[in-house]
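Peer 1: Residues per chain, in single letters:
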Amino acid sequence: MNLKNVKNSLALGVILGIVGVVASGVLAWFYGVTEHAIEAGRIRKTNQALAMVLPAFENDIASNAIEFDGVKFYGALSGGKLIAVAAEAAVQSGYAGEISGLVGLSDSGAVLELKGGRSAVLITGQQETPGLGANVCNRQNVKTLAGILRGEKAEPGVLPGNAVLDSFAGKGVDSLPLQVKKDGGDIEFITGATITSRAVTDLVNKVLETYKAHQGEIIPALSGGVK
Amino acid sequence: MIKVLWQDFIKGIWRENPTLVLLLGMCPTLALTSKAINGVGMGVATTVVLLGSNVVISLVKNLIPNRVRIPIYIVVIATFVTLVDRTMQAYAPESLYNALGIFIPLIVVNCIVLGRAEAFAAKNGVVRSFFDGLGMGLGFTLSLTVLGCIREFLSTGGVFDIILVPGWNFMLPGLAPGGFILLGVLLAFMNVLNERKAVKSGKLYIPPQGMDCKHCRICFIDKEE
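Chains F and E supply the protein sequences, listed in that same order. Per the numbering used here, the very first residue in the first sequence carries number 1294; after that it's consecutive. Per the numbering used here, the very first residue in the second sequence carries number 44; after that it's consecutive.
No lab work stands behind these hints: they were computed from the structure. Beta carbons are placed, not taken as given, at the ideal position from N, Cα and C, and that holds for glycine. Treat the hints loosely; a few may be bogus.
[Said to hold, decoys possible] Calculated Cβ distances over 10 Å to all of chain E for the following chain F residues:
#: 1; residue: A1316
#: 2; residue: M1345
#: 3; residue: D1353
#: 4; residue: S1356
#: 5; residue: Q1385
#: 6; residue: E1391
#: 7; residue: S1399
#: 8; residue: G1424
#: 9; residue: E1445
#: 10; residue: V1466
#: 11; residue: L1469
#: 12; residue: P1470
#: 13; residue: L1471
#: 14; residue: D1495
#: 15; residue: T1503
#: 16; residue: Q1508
[Claimed, not checked] Below 20 Å or equal to it, Euclidean Cα-Cα: the simulated EDC-like pairs (lysine to aspartate or glutamate) are:
#: 17; chain 1: F; residue 1: K1436; chain 2: E; residue 2: D204
#: 18; chain 1: F; residue 1: K1436; chain 2: E; residue 2: E137
#: 19; chain 1: F; residue 1: K1365; chain 2: F; residue 2: E1510
#: 20; chain 1: F; residue 1: K1374; chain 2: F; residue 2: D1353
#: 21; chain 1: F; residue 1: K1446; chain 2: E; residue 2: D204
#: 22; chain 1: F; residue 1: K1338; chain 2: E; residue 2: E137
#: 23; chain 1: F; residue 1: K1499; chain 2: F; residue 2: E1360
#: 24; chain 1: F; residue 1: K1374; chain 2: F; residue 2: E1391
#: 25; chain 1: F; residue 1: K1408; chain 2: F; residue 2: D1459
#: 26; chain 1: F; residue 1: K1374; chain 2: F; residue 2: D1400
#: 27; chain 1: F; residue 1: K1474; chain 2: F; residue 2: D1495
#: 28; chain 1: F; residue 1: K1446; chain 2: F; residue 2: D1467
#: 29; chain 1: E; residue 1: K54; chain 2: E; residue 2: E161
#: 30; chain 1: E; residue 1: K104; chain 2: E; residue 2: E161
#: 31; chain 1: F; residue 1: K1338; chain 2: E; residue 2: E161
#: 32; chain 1: F; residue 1: K1505; chain 2: F; residue 2: E1481
#: 33; chain 1: F; residue 1: K1297; chain 2: E; residue 2: E161
[Unchecked claim] Just so you have them, the derived chain F footprint on chain E, three or more residues with Cβ under 8 Å:
#: 34; region: 86 to 100
#: 35; region: 106 to 113
#: 36; region: 132 to 140
#: 37; region: 214 to 226
One chain only, chain E, in its complex shape (with noise of 0.2 Å):
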């Protein structure tokens, strides 16, 4: 059983991470890392929505018909995010809540919060998918956290608002398009370390939803049909 709850909560933060491997969240994601703090905050604000949506989900599962799931899926989610909303603008810092001010709200159509609802606690028990979303949850801070960290670092030369590197200022890894470029370069580095660890015990890799070059079509898409 112990082992069970460890491999839900484990498979969050790397192998299954909802950001990185399963490629979920990604506006949060691009808008927010600017900074490491915002990363944080926004993954400690959905973290707390997941655990409570996938806990109320698997209590109330039975009573829910299958033709109306997703509509009182929203509507838990979007009870969750309001009190989360609520309680960070009455007790976090003026400047935490200033940053993620609009993307608090968006928490409710995050598909890592749905996707877990629907993936997951609808089909197991309140003890497994509590630890489900917690490993989402911590999955989903830590690429945030390491995203805004490298952002941070390569735009203002320091992290947390702590200076390493006094002077320096280049505008692009802060910006939007920055972040595209940097999380691309995260996902590339994943894939090698996943690939690598696994020639190295002697499995096939196979890549997270068929992103191999075997499956990926995108030299042919004007060419086929």
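Isolated chain F (complex conformation) (with noise of 0.2 Å):
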């Protein structure tokens, strides 16, 4: 069969249509096959992130979870006490718009301090210049030639460090507003990048005073664990 020269626009349509049909029906098919790992994917990724800024928790984070002033804070569970809370939130200050980010909070307000003297502080999503902004957001274990050659390895269990984001390590509700040194605070920045590590103290600012305005609520709608 040849349909080459058909010019019929009627024949035209109709084969058209078909190759629509027959498309739509192969793409139907894949995202059924899809759609499972993908969700949980997704379930995944979000558990990891908490996971890394929050001490060890018992209960199923991702549905324990309240939202305040566009900030959400997921309360971690252990022996059935709240020991802990991270809110994600988001910012639009950053030199290349949004950056998004996660804090881990004690009860009482103040950002936990994790192993090796990490903060719990990890951004999520952030489009900065790359090698200037970014270094202020990435926390990645740097990896060099001299180091696999000697057999060195990341420690388990601690976050690659960042200077800026492990200066926020401790401090609470009651040193608010919190500003980088450049700034007369006490926050580290990166020369050539203040504006993205002030955008970032920002987002902890916007989580530390949502936490303080809602405090009496938070704790008790995220100790029952189950709603």
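Assemble the dimeric complex from its two separately framed chains, guided by the hints.
Peer 2: This is how it looks when you write it as structure tokens:
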């Protein structure tokens, strides 16, 4: 069968229609095949990020959450008690738009200090300049050729360090508002990436302010565990 | 027969390299090669799409009316791109999918894929089209990886996230302008190599698509007409 020289508009329309139906059939089938894996991946991603900024917890944390003023709080329970809160927030003041991140808080409202002097601040989304603003946000273990040859390995259970993010460790609602050193505060910044450093500071400030304002509602709401 | 297939395969890697000779698919080439691993990921994704569309189009080429061939090619290509996109979303490493994210759907409008469908798969059999797609995809992957390695090394002092020169930090090659500059250098290097080879074997070197000094009219752009 050779349809190369078909010129009738109706026939052309029918052929295009058949192609469209076959293509959507294939896509519908494949959507079903991958749906489960993609959803599982999304949940795993959230849980992994939460586990990085919180001490060991026992509950299904993704479902134990409450939102105030655009900040989403997750409650980590251990032995039926609330041990820490993680807050997910975003600010628009980055050099290249939105910066979003997770902050782990103690119930008194201070940024948790994790193993190895790391702070519980993790940037989960940013589009800052690579090599400059991105260095303020990234926690990444630097692998060097010399290090690999010597057999160095990253310490398990310790987040990769980041001078700016780690300077938030222990800062709480009583030291609001936080500022970078250039503006007279005590948060580190990277020269040439002050805007990004300020934006990250804004993010932590936003989380702490919201926590301070709604502390009385957040703690009871998340302590219950199951809604 | 084997020789023909080998020719179809190997021409995409050097003689008709899609990025460095045909100059197709410049958008992903410049946007994604700031790191070597992104180049590999984009290259592999494009290769899979290219293989799929070449095979399907060469199989049904007699059923496609000439008048609506381009929309049909685009539907076939878009279907494969969506399959690749969802597969990567489900199974590829998180960081790679985040880096390539918005560029995967754009493979649909990548001229390499449509170009091979129109210029090769619509005129040749399924086996030859398969090898053509494989060669072109591999050529694309290789040139993206080479450009990615050069840009990553010059901007961070390492390749594939392994630092070779500690403390090196130079922003320009990692950003778009640096991409343009280094792509230009790579193209010039490729042309010099080809010219040397041609002179050595006593043949006249003909640059691709009339890009030689005789055909270049850039100096006369505002003087002509």
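Peer 1: If a hint holds in the structure, say so; if it doesn't, say that too.
Peer 2: Cross-check of the supplied hints:
Remark: the non-interface label on F/A1316 conflicts with the geometry, its nearest Cβ contact in chain E lying 4 Å away (cut-off 10 Å). Non-interface status of F/M1345 relative to chain E is upheld: no Cβ of that chain comes within 10 Å, the nearest being about 13 Å off. Annotated as non-interface, F/D1353 keeps its C-beta farther than 10 Å from every C-beta of chain E; the closest such distance is 21 Å. Here F/S1356 stays apart from chain E, with its beta-carbon at least about 22 Å from theirs, past the 10 Å limit.
The claim that F/Q1385 lies off the interface holds: its Cβ sits roughly 19 Å from the closest Cβ of chain E, which is beyond the 10 Å cut-off. Every beta carbon of chain E lies more than 10 Å from that of F/E1391, the smallest distance being close to 14 Å; the non-interface claim holds. Listed as a non-interface residue, F/S1399 keeps its Cβ farther than 10 Å from every Cβ of chain E; the least gap is roughly 28 Å. The non-interface label for F/G1424 is inconsistent with chain E: the shortest C-beta to C-beta separation is roughly 5 Å, within 10 Å.
Against the 10 Å criterion, F/E1445 stays outside the reach of chain E, whose nearest CB is about 12 Å from its own CB. For F/V1466, the non-interface assignment is confirmed: its Cβ lies about 32 Å from the closest Cβ of chain E, beyond the 10 Å cut-off. Chain E leaves F/L1469 outside its interface by the beta-carbon criterion, the shortest separation being 32 Å against a cut-off of 10 Å. For F/P1470, the shortest C-beta to C-beta distance to chain E comes to about 31 Å, beyond the 10 Å cut-off, and the non-interface label holds.
No beta-carbon of chain E is positioned within 10 Å of the beta-carbon of F/L1471; the least distance is around 27 Å. No Cβ of chain E approaches the Cβ of F/D1495 within 10 Å, the least distance being about 23 Å, so the stated non-interface status holds. A cut-off of 10 Å between C-beta atoms confirms that F/T1503 is not in contact with chain E; the least separation is 27 Å. No beta-carbon of chain E is positioned within 10 Å of the beta-carbon of F/Q1508; the least distance is around 33 Å.
A distance of roughly 7 Å separates the Cα atoms of F/K1436 and E/D204; the hinted pair therefore holds under the 20 Å criterion. Of the pairs offered as hints, the one joining F/K1436 and E/E137 holds, with about 19 Å between alpha carbons and a cut-off of 20 Å not exceeded. Between the alpha carbons of F/K1365 and F/E1510 the distance comes to roughly 13 Å, so the proposed pair stays at or under 20 Å and holds. Distance hint between F/K1374 and F/D1353 is fulfilled; the C-alpha atoms sit about 14 Å from each other, no more than 20 Å.
Distance check on the hinted pair: F/K1446 and E/D204 sit about 15 Å apart at the alpha-carbon level, within 20 Å; holds. Pair hint F/K1338 plus E/E137 holds up; C-alpha atoms about 8 Å apart against a cutoff of 20 Å. Between F/K1499 and F/E1360 the alpha-carbon distance is near 13 Å, which keeps this suggested pair within the 20 Å criterion. Using a Cα cut-off of 20 Å, the hinted pair F/K1374 and F/E1391 is violated, with the two alpha carbons roughly 34 Å apart.
A C-alpha spacing of about 11 Å is found between F/K1408 and F/D1459, which places the hinted pair at or below 20 Å, so the restraint holds. Proximity of F/K1374 to F/D1400 is assessed by CA-CA distance (about 11 Å); at most 20 Å being required, the pair is judged to hold. With a CA separation close to 14 Å, the supplied pair F/K1474 and F/D1495 stays within the 20 Å bound. For a cut-off of 20 Å, the pair hint linking F/K1446 to F/D1467 is broken: about 38 Å separates their Cα positions.
Taking the CA atoms of E/K54 and E/E161, the gap is near 17 Å; set against the 20 Å cutoff, the hint holds. The straight-line distance between the Cα atoms of E/K104 and E/E161 is roughly 10 Å, inside the 20 Å bound, and the hint therefore holds. The hinted pair formed by F/K1338 and E/E161 fails the criterion: a straight-line CA distance of about 41 Å is larger than 20 Å. Among the hinted pairs, F/K1505 with F/E1481 is inconsistent with the structure: their alpha-carbon atoms are about 23 Å apart, more than 20 Å.
For the suggested pair F/K1297 and E/E161, the alpha carbons sit about 14 Å apart, so the restraint of at most 20 Å is met. Residues of the region 86 to 100 of chain E lying with their CB closer than 8 Å to a CB of chain F number 0, which falls below the three-residue condition for coverage. With a threshold of 8 Å between beta carbons, the proposed coverage of the region 106 to 113 of chain E by chain F holds, since 6 of its residues qualify and at least three are required. Under the rule that three or more residues need a Cβ within less than 8 Å of chain F, the assignment of the region 132 to 140 of chain E holds, with 4 such residues.
Against chain F, the region 214 to 226 of chain E contributes 3 residues with a C-beta closer than 8 Å to a partner C-beta. That satisfies the three-residue criterion, and the hint holds.
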